[in-house]
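J.: Quick note, the sequences are listed as chains R and B, same order.
Reminder that position 140 of the first sequence reads as 140 in this note's numbering, one-by-one numbering, no gaps.
Reminder that position 305 of the second sequence reads as 305 in this note's numbering, one-by-one numbering, no gaps.
Hints were generated in silico from the structure; no laboratory data involved.
Where hints are given, some of them may not hold.
Lysine to any residue pairs mimicking SDA-like chemistry, simulated, CA-CA at most 25 Å apart [claimed, not checked]: (1) Lys90/R / Arg122/R; (2) Lys179/R / Gln130/B; (3) Lys180/R / Arg137/B.
One letter stands for each residue in the lines below.
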Amino acid sequence: MNELDRSSLYQLTTTRFRLTLREPEAIFWVFIFPILLAVGLGIAFRNRPADVLQVGATTTQLTRALATDEGLTATTMDELTGTQALATGKILLLAVQRPDGVAYKYDDTNPDARTARLLADRAIQAAAGRRDPVHAENRQSHEPGARYIDFVVPGLLGMNLMGSAIWGMGFSIVEARQKKLLKRLVASPMRRWQYLASYLLSRLALLAIEVAAFLGFARLVFGVPFRGSMWQLGFLCVLASLAFSALGLLVSSRARTMEAASGLMNLVMLPMWILSGVFFSATRFPAGVQPLVRALPLTAAIDTLRGNMLQGTDLGQMIAPVGILLAWLAVPFVVALRIFRWR
Amino acid sequence: MWNAGSRTQGESPALLLSGVRKTFEDVVAVDGLDLEVTRAECFGLLGPNGAGKTTTIEICEGLTNPDEGTVELLGLDWRTGASELRQRIGVQLQETQFPEKLTVEEVLRLFRSFYRRGISLEESIQTAQQDEKRGARVGTLSGGQKQRLAMACALVGDPELLFLDEPTTGLDPQARRHLWDLVEGLKQAGRTIILTTHYMDEAERLCDRVAIMDHGRILALGTPQQLIASVGGEHIVEFGIEGQESGSSVADATLLTAIPGVQSHRMNAGLHQLSVRELHTAVPRIFVELTRHGLHLSEFRTHSATLEDVFVGLTGRNLRDE
Numbered sequence: 001m002n003e004l005d006r007s008s009l010y011q012l013t014t015t016r017f018r019l020t021l022r023e024p025e026a027i028f029w030v031f032i033f034p035i036l037l038a039v040g041l042g043i044a045f046r047n048r049p050a051d052v053l054q055v056g057a058t059t060t061q062l063t064r065a066l067a068t069d070e071g072l073t074a075t076t077m078d079e080l081t082g083t084q085a086l087a088t089g090k091i092l093l094l095a096v097q098r099p100d101g102v103a104y105k106y107d108d109t110n111p112d113a114r115t116a117r118l119l120a121d122r123a124i125q126a127a128a129g130r131r132d133p134v135h136a137e138n139r140q141s142h143e144p145g146a147r148y149i150d151f152v153v154p155g156l157l158g159m160n161l162m163g164s165a166i167w168g169m170g171f172s173i174v175e176a177r178q179k180k181l182l183k184r185l186v187a188s189p190m191r192r193w194q195y196l197a198s199y200l201l202s203r204l205a206l207l208a209i210e211v212a213a214f215l216g217f218a219r220l221v222f223g224v225p226f227r228g229s230m231w232q233l234g235f236l237c238v239l240a241s242l243a244f245s246a247l248g249l250l251v252s253s254r255a256r257t258m259e260a261a262s263g264l265m266n267l268v269m270l271p272m273w274i275l276s277g278v279f280f281s282a283t284r285f286p287a288g289v290q291p292l293v294r295a296l297p298l299t300a301a302i303d304t305l306r307g308n309m310l311q312g313t314d315l316g317q318m319i320a321p322v323g324i325l326l327a328w329l330a331v332p333f334v335v336a337l338r339i340f341r342w343r
Numbered sequence: 001m002w003n004a005g006s007r008t009q010g011e012s013p014a015l016l017l018s019g020v021r022k023t024f025e026d027v028v029a030v031d032g033l034d035l036e037v038t039r040a041e042c043f044g045l046l047g048p049n050g051a052g053k054t055t056t057i058e059i060c061e062g063l064t065n066p067d068e069g070t071v072e073l074l075g076l077d078w079r080t081g082a083s084e085l086r087q088r089i090g091v092q093l094q095e096t097q098f099p100e101k102l103t104v105e106e107v108l109r110l111f112r113s114f115y116r117r118g119i120s121l122e123e124s125i126q127t128a129q130q131d132e133k134r135g136a137r138v139g140t141l142s143g144g145q146k147q148r149l150a151m152a153c154a155l156v157g158d159p160e161l162l163f164l165d166e167p168t169t170g171l172d173p174q175a176r177r178h179l180w181d182l183v184e185g186l187k188q189a190g191r192t193i194i195l196t197t198h199y200m201d202e203a204e205r206l207c208d209r210v211a212i213m214d215h216g217r218i219l220a221l222g223t224p225q226q227l228i229a230s231v232g233g234e235h236i237v238e239f240g241i242e243g244q245e246s247g248s249s250v251a252d253a254t255l256l257t258a259i260p261g262v263q264s265h266r267m268n269a270g271l272h273q274l275s276v277r278e279l280h281t282a283v284p285r286i287f288v289e290l291t292r293h294g295l296h297l298s299e300f301r302t303h304s305a306t307l308e309d310v311f312v313g314l315t316g317r318n319l320r321d322e
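I would like the entire structure built from these sequences, with the hints used as guidance.
T.: Written out as structure tokens, the structure reads:
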């Protein structure tokens, strides 16, 4: 036997690592699922050319005026046909020629119809000779870094770090407790801290593969930018993963059955899935709950990941969320060690 | 291969319990236990389920704290010498399930790494008699193979004192005999073994001394031969009388114990049980006596007295009554 074979920390860590890799479901959730999710969201929110709105008009003169706007497609129809087309959603707006001007028929609760109203009025007024007092030009932005996929990739990364750490930690610890393996281990001279440390070490080894696979995919397929320092990004992933592992350890420190553990894990993770800004910005929640939202570890993780990847923000400028992550690492870990049930 | 014997010639006993009590909520699991096990002895705790055997052995193993009393192993106690003790004892628990996706070799290598000294991986694989199964995953092993793996894990640190909690419960007869051979090999090597069982044949075959436990107390303690002799006869005559399936009168008991050579009488599941010293003289007299009173046998058999008879004699219940 060589030195490594004799090291119990090494044996515990490789055992844990092997057990994870031999679990096909775990591989799916950790490696495949986030990539599938990114692909799905990438397709759903891909940047399309701006929609062209369908409108109708009762005279060819009006139709010609409307057609000058790129955002509108105009068709000539009489008022009766037009009203029917409006009711069935074929057109968003009907411009009706009146002796004293023009009347717009549209549904003002439909945002697209309101847009059509603005565009149609602008086109008709311009055709009638109105000149804008201020010169304006449009510059559309479709650059990497400003798209939805760029926003959501750091969110998915944070969510994945949380899920794999809490599930990875929780289920295997509770299973070992339920099958009396924990009891058998503490009946041996194994050092208890090494058992818990082996979970963290094997998590970090998996983390490297997991993060590289996901971010590599996001970079190659979607061209998601990495504007911050790579080593700081690595540090943030490690810090977030350790904080979530500590939380996973706390969640699994007492539970005796898988059902109890699974309920607790969902209880811990569900609020974060909703509040922490994975899919949309967490700033959308009312000011009253913002302190709570900011204090969640997933919010802190996602904020720092977005800051690093999208804005290239330095760690030094993100002291507050990094501090929140450190607190989430230290407090649950200490509490879990104190209340951990070994049998 | 085993050198425990030469190492264990210390002064202190392998195990010393005095006044040990343990209560779970309102159930007294262990009720004031005193026990001494000497080195190189194979000691058995025999009793029905719920007798307090597992609680007792887990107190000895340092997994459960007693409410009262002192526990000393190899001259050390759990409060001050825990890490030293963990290195020197081997433990096999009743229902450990090793991770199904690890191989036999991986489990043994993991457990070996916890001990400062011990046997080599090859030796432990031989102990588990799993040379051809070393690369097999735990999930594919039979009950007997899993149990031998658990035993091998208990032995990787070359322990001076070995605890086995119901090592053969749930195994088929062949797997049980296999495991008995393994324990006998360890005994011959001079290792101290403390085991619990509810199989009297297992206790009789393996143990130098046996403590019969019930309701958290030791009812009787001695070598299997001493305990069997305490029943009063080496043979048990068991018979039923027609028309008496529901029970017998006190008159029958006085009548039967009056027969010369009959040591004692008791009823067990509607059958009369007599303990006798010599079958060839007692049985004819029993027949004569029954005929004289016009009683007809519905069944009749004899067997050598066992620890089961000792237990029935002490508690009026069978060991396997749940």
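J.: Assess, step by step, whether the Cα of Lys179/R is no farther than 25 Å from the Cα of Gln130/B, and give holds or violated.
T.: Roughly 23 Å between the alpha carbons, so the hint for Lys179/R and Gln130/B holds.
J.: Check the hint pairing Lys90/R with Arg122/R against an upper bound of 25 Å on the C-alpha distance.
T.: 22 Å, holds
J.: Between the alpha carbons of Lys180/R and Arg137/B, is the straight-line distance 25 Å or under?
T.: 18 Å, holds
Violated hints: none; the structure is consistent with every hint.
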